[in-house]
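Chain residues, written in single-letter form:
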Amino acid sequence: MATPRLYVMIPTDADTVVVGAREIKSRFSSEIGAQGLSDQIKVIETGSFGPSNAGVIAAVQPDGVVYGNLTPESVGEIVREHFCKGRICGRFLLPREYPPTVEQATDARHTQAAGRIVLDNCGRIDPDSIEEYIATDGYEALGRALTEMTPPQVVETVREAGLRGRGGAGFPTGLKWSFCAPVQADRKFVICNADEGEPGTFKDRLIMEGDPHKVIEGMALCGYAIGASEGYVYIRGEYRLSVERMRKAIEDARAMGLLGKGIFGTDFDFDIEIKLGAGAYVCGEETALIESMEGRRGVPRLKPPFPASCGYLGKPTNVNNVETLATVPAIVRNGAAWFRGFGTENTPGTKVYTIIGHVRRPGLIEVSAGVTLREIIDEYAGGMSSGTFKMAQLGGTAGDVLGPEMLDVPMDYDAMQKVGHVLGSGAILVMNQTVEVADFLDSCMRFFRHESCGSCNPCRNGLQVLGEIVGRLKKKNAYPGDIELMEEVCMTLKSAAFCPLGQSPASPLMSALRYFRPELAAAVDPRRERPRTQRVRLDLVELAV
Amino acid sequence: MSNPTTEAGCGNALFAELGEFIEGQSKGRDALIPILHKAQDLFGFLPVDVQEFVAAKMGLPVGEVYGVVTFYHYFTMQPRGRHTVNVCLGTACYVRGAQKVVEALTEELGVKMGETTPDRRFSLTTQRCFGACGLAPVIMVNDDVHGRVTPKKVAAILARYE
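Going down the list, the protein sequences come from chains P and D.
Per numbering that gives the first Met the number 0, the first sequence starts with residue 0, numbered consecutively.
Per numbering that gives the first Met the number 0, the second sequence starts with residue 0, numbered consecutively.
Just so you know, the hints here were simulated from the structure itself, not pulled from any lab data.
It is possible that some hints are incorrect.
What the hints assert, rightly or not - No more than 30 Å apart at the CA atoms, straight line, and that leaves these computed lysine-lysine pairs for DSSO-like:
id	chain 1	residue 1	chain 2	residue 2
1	D	K26	P	K475
2	D	K26	P	K247
3	P	K474	D	K151
4	D	K26	P	K314
What the hints assert, rightly or not - Not close to chain P: a few residues of chain D, all C-beta gaps over 12 Å, as computed:
id	residue
5	L17
6	H82
7	D143
What the hints assert, rightly or not - Here are some chain D residues pointing at chain P (derived, C-beta under 10 Å):
id	residue
8	A12
9	L13
10	F14
11	L59
12	V61
13	G66
14	Y71
15	T90
16	A97
17	A131
Glycine included, each C-beta is placed from N, C-alpha and C at the ideal position.
Please take these sequences and the hints and turn them into a complete structure.
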């Protein structure tokens with residue numbers, strides 16, 4: 000077959016499949032066939048481009064044309080006009096407001112800001128084709144590391160690059176690797192944490208669906224750096240397409256000798272297996288994840304010992320988030336200095352966000368660390384879809400609520416910390432003035448109560464108390480003293496809960512109080528008297544504090 | 000109470016298949032969750048006799064297996080309907096009205112959350128985030144994602160599943 004002159008790239012992720020991406024894809028194939036162009040134009044399923052409310056999207060390469068909101072009828076017209084006659088169908092184009100993708104940069108600033116490291120291939124290559132990944136410099140970093148670098152040099156490169164864990168906590172990745180690397184053991188493990196359970200976060204899913212080989216290459220590099228030859232990807236059972244794509248990618252890499260024994264003719268062995276999660280939020284915590292992999296209830300372990308010395312099956316284990324691992328190949332390929340050219344001093348590189356809620360263009364974006372929330376909402380998400388900005392929650396349900404006064408703080412780990420907030424895993428939920436704070440908090444608390452594993456007392460009982468208080472605030476019949484009690488219980492949870500799940504409900508609650516105390520205080524009914532049973536509980540809580 | 004798995008009429012063949020699958024797994028404890036995934040795929044749910052079977056085959060106390068089954072939301076001890084309706088209650092869906100969708104579904108199906116209709120046509124469950132927040136509120140029927148669901152659309156969506 001001759002080299003095709005055009006490629007039609009159709010993203011098939013959960014958002015586009017639901018509006019008929021697969022039907023549009025077969026329609027393209029049949030229309031192209033009917034015109035006798037099958038050997039000139041190739042139709043490819045690919046990963047998400049980012050926008051998630053633009054219907055079925057198709058990018059035509061190398062023309063750099065992106066069509067949106069496609070219907071079966073528009074497909075026929077595009078094939079006849081664009082593919083046969085070379086006339087771009089203006090009325091089906093994705094509106095100019097839809098950038099910033101690499102193809103559609105509107106101005107120089109966006110081009111720079113849209114410099115993608117993790118998502119550079121998403122939507123541009125066929126994720127099921129290892130050849131296309133290799134054609135975009137894929138596995139080059141692994142080849143170079145294995146043949147030209149020693150494992151400590153790889154660790155040092157990642158450390159110098161200043162990469163920080165993208166799962167939420169922002170722990171320096173190079174440092175984490177350097178804990179695990181020197182430990183001597185007969186078996187060591189690399190685990191890719193793909194148990195993405197934070198409500199509102201779906202970046203890892205789209206990375207795995209759009210560019211699975213990048214994750215595999217990152218894991219192999221990590222394996223080489225720390226001296227591990229076995230890797231596991233722990234994926235949520237619900238992420239069917241991610242599992243399929245990762246499974247295919249692992250098989251293809253094996254067939255090419257990029258996984259398995261003696262990779263690139265060296266004596267480095269590395270292979271990857273997929274483990275399915277079974278739906279437990281707490282399993283995103285690394286020791287709970289390891290417990291789950293070992294076939295137990297996913298209850299977090301006491302630390303130390305840390306997984307670096309005693310993890311999966313009691314062996315040294317390094318656990319990293321999907322996005323973190325997917326960033327590693329570019330760092331090894333281009334060097335630490337290149338990576339530091341993006342982002343800020345303390346948070347180099349880019350960050351992938353999922354932006355949702357009351358914005359005009361919800362979806363997936365990758366921006367330089369340090370861009371402000373206002374820029375993200377206005378330039379990347381097209382502004383508010385309706386109403387005015389009231390608050391945003393960063394990093395999913397366990398994240399902080401930000402009021403309007405935080406719109407201009409640079410979004411990097413340290414700048415956020417300075418103003419008393421945490422950047423989190425990469426979800427941004429934007430809310431307008433129609434959302435009531437107590438109502439929103441109630442939904443957060445329901446989630447935590449449901450997900451608490453029940454292992455430690457502060458979390459199990461504290462969440463119950465907090466849930467009741469927030470429920471009363473929502474109904475605007477809170478008892479006098481409820482807000483103070485809420486603060487106390489939050490502090491108890493923060494200091495006494497065993498794992499991050501129990502500590503994190505304090506984040507949305509306390510930050511909401513910081514910005515919206517008057518609104519919440521208005522929900523207290525001063526005439527109400529706390530019933531006797533409640534008073535008993537109050538005493539107990541006070542004792543606990 | 001009659002045994003729900005043998006009531007289904009194909010108990011023995013399924014147990015044989017599950018037994019074969021267990022033989023093919025590594026002998027360690029870490030095989031338990033993959034085995035339970037397989038068992039639920041086969042039986043549709045994990046009743047006590049299936050758990051006992053797994054425990055015996057793996058040399059584990061039944062209580063340990065039960066502990067794992069009840070910990071994870073994906074595993075269920077209740078028989079499921081032919082179709083599973085999953086409502087996302089993630090924050091994005093919630094602020095966009097998922098609770099109203101839940102009310103519409105419970106009314107339409109006449110069952111509460113976590114229950115199955117008497118004709119075993121639908122099971123109704125909730126889930127944390129599906130990761131399709133751009134389409135909130137979202138429900139999933141089996142493996143199909145339905146986005147921007149409103150209480151009015153619920154009946155039409157359900158009608159597609161017999």
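Results of checking the hints against the structure:
no. : hint            : in the structure
1   : D:K26 - P:K475  : violated (56 Å)
2   : D:K26 - P:K247  : holds (26 Å)
3   : P:K474 - D:K151 : holds (26 Å)
4   : D:K26 - P:K314  : holds (18 Å)
5   : L17             : holds (16 Å)
6   : H82             : holds (16 Å)
7   : D143            : violated (8 Å)
8   : A12             : violated (24 Å)
9   : L13             : violated (20 Å)
10  : F14             : violated (20 Å)
11  : L59             : holds (9 Å)
12  : V61             : violated (14 Å)
13  : G66             : holds (5 Å)
14  : Y71             : holds (4 Å)
15  : T90             : holds (5 Å)
16  : A97             : holds (9 Å)
17  : A131            : holds (4 Å)
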